[in-house]
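Asks: Using the sequences and the accompanying hints, generate a full structural model.
Protein chains in written order, with the working numbering: chain U, 1 to 419; chain D, 1 to 419.
Just so you know, these hints were derived from the structure itself, not from any lab.
Errors might be hidden in some of the hints.
Copies of the same chain are indistinguishable here, so a pair counts whether it falls within one copy or spans any two.
Straight line, CA to CA, 25 angstroms or less: simulated PhoX-like cross-link-like pairs of lysine-lysine [said to hold, decoys possible]:
1. Lys-32 <-> Lys-225
2. Lys-278 <-> Lys-77
3. Lys-274 <-> Lys-295
4. Lys-32 <-> Lys-16
5. Lys-195 <-> Lys-295
6. Lys-295 <-> Lys-278
7. Lys-295 <-> Lys-40
8. Lys-225 <-> Lys-195
9. Lys-195 <-> Lys-13
10. Lys-209 <-> Lys-195
Quick caveat, the model's predicted, so the values are computed rather than measured.
Listed here are the chains, written in short residue letters.
There are 2 protein chains.
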Amino acid sequence: MTDLAQTLNDIGKRAKAAARDLARATDTEKSKALLAIATKLDDSHATLIEANQRDLDAARERGLADAMMDRLKLSAKSLATMTEGLRQIAALPDPVGSLSNTTVRPNGMRVSQMRVPLGVIGIIYESRPNVTIDAAALCLKSGNACILRGGSEAFHSNVALADILREALSETTLPADAVQLIQTTDRDAVGYLVKMTDYVDVIVPRGGKSLIRRLQDEARVPLIKHLDGNCHVYVDAHADLDRALSIAINAKTYRYGICGAMETLLVHAEVADKFLPKLEAEMSRHGVELRGCEKSRNICPAMKPATDADWAEEYLAPVLAVRVVNSIEQAMDHIATWGSGHTDAIVTQDIDAANRFEREVDSSSVYVNLPTCFADGFEYGLGAEIGISTNRLHARGPVGLEGLTTQKWVLHGEGQTRG
Amino acid sequence: MTDLAQTLNDIGKRAKAAARDLARATDTEKSKALLAIATKLDDSHATLIEANQRDLDAARERGLADAMMDRLKLSAKSLATMTEGLRQIAALPDPVGSLSNTTVRPNGMRVSQMRVPLGVIGIIYESRPNVTIDAAALCLKSGNACILRGGSEAFHSNVALADILREALSETTLPADAVQLIQTTDRDAVGYLVKMTDYVDVIVPRGGKSLIRRLQDEARVPLIKHLDGNCHVYVDAHADLDRALSIAINAKTYRYGICGAMETLLVHAEVADKFLPKLEAEMSRHGVELRGCEKSRNICPAMKPATDADWAEEYLAPVLAVRVVNSIEQAMDHIATWGSGHTDAIVTQDIDAANRFEREVDSSSVYVNLPTCFADGFEYGLGAEIGISTNRLHARGPVGLEGLTTQKWVLHGEGQTRG
Chain U
1 MTDLAQTLND
11 IGKRAKAAAR
21 DLARATDTEK
31 SKALLAIATK
41 LDDSHATLIE
51 ANQRDLDAAR
61 ERGLADAMMD
71 RLKLSAKSLA
81 TMTEGLRQIA
91 ALPDPVGSLS
101 NTTVRPNGMR
111 VSQMRVPLGV
121 IGIIYESRPN
131 VTIDAAALCL
141 KSGNACILRG
151 GSEAFHSNVA
161 LADILREALS
171 ETTLPADAVQ
181 LIQTTDRDAV
191 GYLVKMTDYV
201 DVIVPRGGKS
211 LIRRLQDEAR
221 VPLIKHLDGN
231 CHVYVDAHAD
241 LDRALSIAIN
251 AKTYRYGICG
261 AMETLLVHAE
271 VADKFLPKLE
281 AEMSRHGVEL
291 RGCEKSRNIC
301 PAMKPATDAD
311 WAEEYLAPVL
321 AVRVVNSIEQ
331 AMDHIATWGS
341 GHTDAIVTQD
351 IDAANRFERE
361 VDSSSVYVNL
371 PTCFADGFEY
381 GLGAEIGIST
391 NRLHARGPVG
401 LEGLTTQKWV
411 LHGEGQTRG
Chain D
1 MTDLAQTLND
11 IGKRAKAAAR
21 DLARATDTEK
31 SKALLAIATK
41 LDDSHATLIE
51 ANQRDLDAAR
61 ERGLADAMMD
71 RLKLSAKSLA
81 TMTEGLRQIA
91 ALPDPVGSLS
101 NTTVRPNGMR
111 VSQMRVPLGV
121 IGIIYESRPN
131 VTIDAAALCL
141 KSGNACILRG
151 GSEAFHSNVA
161 LADILREALS
171 ETTLPADAVQ
181 LIQTTDRDAV
191 GYLVKMTDYV
201 DVIVPRGGKS
211 LIRRLQDEAR
221 VPLIKHLDGN
231 CHVYVDAHAD
241 LDRALSIAIN
251 AKTYRYGICG
261 AMETLLVHAE
271 VADKFLPKLE
281 AEMSRHGVEL
291 RGCEKSRNIC
301 PAMKPATDAD
311 WAEEYLAPVL
321 AVRVVNSIEQ
331 AMDHIATWGS
341 GHTDAIVTQD
351 IDAANRFERE
361 VDSSSVYVNL
371 PTCFADGFEY
381 GLGAEIGIST
391 NRLHARGPVG
401 LEGLTTQKWV
411 LHGEGQTRG
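Replies: Here's what the structure looks like:
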């Protein structure tokens with residue numbers, strides 16, 4: 001075993017031991033620990049901003065883009081947001097230990113399912129150092145140990161944040177090893193982490209698509225992952241067109257860069273004549289470029305032509321593909337063919353169309369008369385989210401505390417025997 | 001692409017198309033299809049027994065062991081059991097489409113989770129041809145398309161059974177491609193199947209550990225898998241010893257070969273003197289060999305000595321490892337160290353000990369005052385099971401229809417916008 005493999009192995013072993021302690025911690029203990037971390041964070045602004053400055057200096061020297069510098073930067077304000085997040089997560093209901101689906105079998109034994117932590121969660125993330133706190137907090141509250149692996153550009157910031165986490169934990173009843181940061185920038189560390197099936201129960205990658213695709217190939221540990229968000233709004237023949245317009249504008253322009261942003265608008269041929277010119281005018285006011293199918297361009301000749309590449313594209317930019325369809329079936333076929341199974345919406349007043357779309361569109365979130373930009377754990381009432389999963393198994397869609405737990409069966413009897 | 005890869009690719013494509021149709025099928029359609037299969041099966045005994053005879057002849061020539069021949073054989077009785085299974089599955093409640101966890105957000109939008117099929121399920125199994133019918137029936141009822149890959153020794157039987165499935169389906173409203181059998185004995189086919197992430201949503205391997213371990217290495221599609229069943233019964237200081245004895249005997253002797261069979265008995269030192277001689281007498285009456293720790297052998301010197309290898313072993317045979325522990329903590333440590341996270345039980349009258357064990361033992365099933373041999377979907381009230389999962393994510397423990405489904409988020413609004 002190489003030194004690096006040995007280091008990772010030791011981290012894994014310690015995490016697994018910590019996970020056992022965490023699994024039996026009460027909600028009070030976990031919440032107290034989160035508040036202790038918040039207090040320590042409040043007291044450590046100077047240290048953190050200093051550590052962060054080293055990352056910023058190094059980044060500037062390497063010529064990091066401004067957007068990346070922004071993500072990297074810690075300020076009194078961003079630190080206060082992290083503290084506030086800790087307090088919010090502390091106040092959320094603890095899913096661990098709850099029993100559900102209890103039935104009594106004919107022989108009198110009682111069968112239930114109990115919610116329990118997943119165990120050890122590996123978090124692999126890129127430049128934002130706030131993930132160090134946010135992810136650790138969600139893992140702690142749900143009773144999981146975590147192994148954090150941040151981006152090399154945020155190295156000093158992450159080390160300083162992890163120190164705070166562990167110092168605060170060491171003053172509580174929870175084990176400090178509940179949170180461990182991999183303190184090497186060796187890229188091979190990730191390769192080991194995602195293969196340690198003996199110690200790590202799940203990997204949550206938070207980063208760009210190239211990271212996710214690499215992990216999908218390499219990982220032996222299951223991933224809770226987020227791939228593409230190619231989201232659609234379908235304006236049905238029976239849509240309220242004013243509502244459709246406001247939904248479409250919000251879905252596209254609320255924020256261009258989020259995974260729930262609408263990337264293609266589908267509109268039924270019966271209403272396209274009326275709807276598309278209004279859409280074009282409003283979108284143009286917002287500076288959104290439209291790329292349309294042939295039928296769309298017959299109605300709005302100023303649109304650029306859309307190709308298949310546009311149906312497939314997650315723009316994350318002020319660009320929208322537009323297609324006229326002849327039926328709800330054609331709309332759903334388009335979504336099945338080109339969509340990414342993230343979030344898709346129908347705008348309609350017709351209850352049958354709404355029911356069909358809701359039932360048949362195979363996406364992690366399906367909306368009726370709502371813009372796709374609502375795809376977010378806070379909006380769904382989860383209180384917090386570690387990400388949005390495009391997996392089909394286990395957690396699908398926004399992942400909150402419950403998505404970081406699993407269920408075990410618990411059976412109670414009075415000595416019944418089988419057979 | 002090789003011919004084989006192309007063949008698998010085509011199967012995958014057809015399965016995915018069929019899965020879309022199946023996802024929107026009503027329960028009535030699915031149940032009717034299952035009953036149509038049952039009727040056709042009833043009418044095809046002669047054909048099936050003839051096809052099976054070809055497999056049996058080939059197996060005899062290759063000198064297959066008697067136990068394997070037994071598994072391979074189809075008889076009027078085993079065919080009737082398959083038909084009965086189809087009728088039972090048809091009568092189960094359909095999980096698809098049910099809504100849960102509905103909340104209304106402050107802005108008035110309604111957030112729910114809807115149960116939906118997983119999509120395309122690959123089933124890889126070994127000698128028992130009845131799996132062809134059982135697995136297909138569970139997949140159909142839960143709205144999933146399936147791709148079946150049976151063992152080469154049951155090739156002719158499986159082809160004949162798959163023909164019946166597809167013929168029966170072609171007379172219903174469901175697509176015949178809902179069930180496809182991979183009709184090649186080329187071992188590479190499995191390698192392709194478990195990597196087709198574009199078409200296959202989950203693989204359920206039903207076979208020996210070597211198959212599972214191979215798939216764990218090769219698969220890119222998630223597995224719902226079953227590894228070891230190293231199950232424990234812990235007889236607490238506050239156990240009712242008569243109850244403990246009957247639980248222990250049942251847990252070991254109900255059937256030696258099942259994954260829920262007890263493999264190690266742990267007994268608290270305070271009651272070991274009284275309990276172990278009774279256990280030894282009863283187990284000896286059943287022909288079960290005991291292998292004990294030093295303390296056990298001080299009480300029952302006839303026991304063979306147990307080594308670490310015994311704590312790790314899943315005997316699946318009339319052999320039992322026995323260890324005296326000084327506390328419930330030591331019992332739980334033993335289970336955490338040596339157990340496989342399958343099914344573990346405590347026998348106790350003390351409610352605190354029961355609660356601790358239930359909460360802290362990290363197994364897919366944890367029992368209080370029940371023998372581990374209850375680990376079975378039928379016993380839990382699932383109506384049927386496709387297997388017992390030792391995964392932590394998604395389905396854990398016995399997997400019934402619900403384990404073959406997932407949930408999507410469904411949001412309803414009246415044009416609310418974000419921000």
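Asks: Under a CA distance limit of 25 angstroms, which applies to Lys-209 and Lys-195: within one copy, between copies, both, or neither?
Replies: both (20 angstroms within a copy, 20 angstroms between copies)
Asks: With identical chains treated as interchangeable, where does the CA-CA distance between Lys-295 and Lys-40 reach 25 angstroms or less: within a copy, between copies, both, or neither?
Replies: neither (60 angstroms within a copy, 50 angstroms between copies)
Asks: For the identical chains here, do Lys-274 and Lys-295 meet the 25 angstroms Cα criterion within one copy, between copies, both, or neither?
Replies: within (13 angstroms within a copy, 86 angstroms between copies)
Asks: For Lys-32 and Lys-225, with the copy left unspecified, which applies at a CA distance of at most 25 angstroms: within, between, both, or neither?
Replies: Neither way: Lys-32 and Lys-225 sit 30 angstroms apart in one copy and 38 angstroms across, limit 25 angstroms.
Asks: Is the C-alpha distance from Lys-195 to Lys-295 at most 25 angstroms within one copy, between copies, in both cases, or in neither?
Replies: neither (50 angstroms within a copy, 39 angstroms between copies)
Asks: Given identical chains, is Lys-32 near Lys-16, meaning Cα to Cα at most 25 angstroms, within a copy, between copies, both, or neither?
Replies: Within one copy only: 22 angstroms inside a chain, 49 angstroms across chains, cut-off 25 angstroms.
Asks: If the cut is 25 angstroms between Cα atoms, do Lys-295 and Lys-278 qualify within a copy, between copies, both or neither?
Replies: within (16 angstroms within a copy, 85 angstroms between copies)
Asks: Could you place Lys-278 and Lys-77 in one of the four classes (within, between, both, neither) given a Cα distance threshold of 25 angstroms?
Replies: Classified as neither: same-chain Cα gap 40 angstroms, cross-chain 69 angstroms, threshold 25 angstroms.
Asks: If the cut is 25 angstroms between Cα atoms, do Lys-225 and Lys-195 qualify within a copy, between copies, both or neither?
Replies: For Lys-225 and Lys-195, the Cα distance is within 25 angstroms both inside one copy (16 angstroms) and across copies (17 angstroms).
Asks: Measure nothing new, just compare the shortest in-copy and cross-copy C-alpha distances for Lys-195 and Lys-13 to 25 angstroms and report within, between, both or neither.
Replies: within (14 angstroms within a copy, 30 angstroms between copies)
Of the numbered hints listed earlier, those contradicted by the structure are 1, 2, 5, 7.
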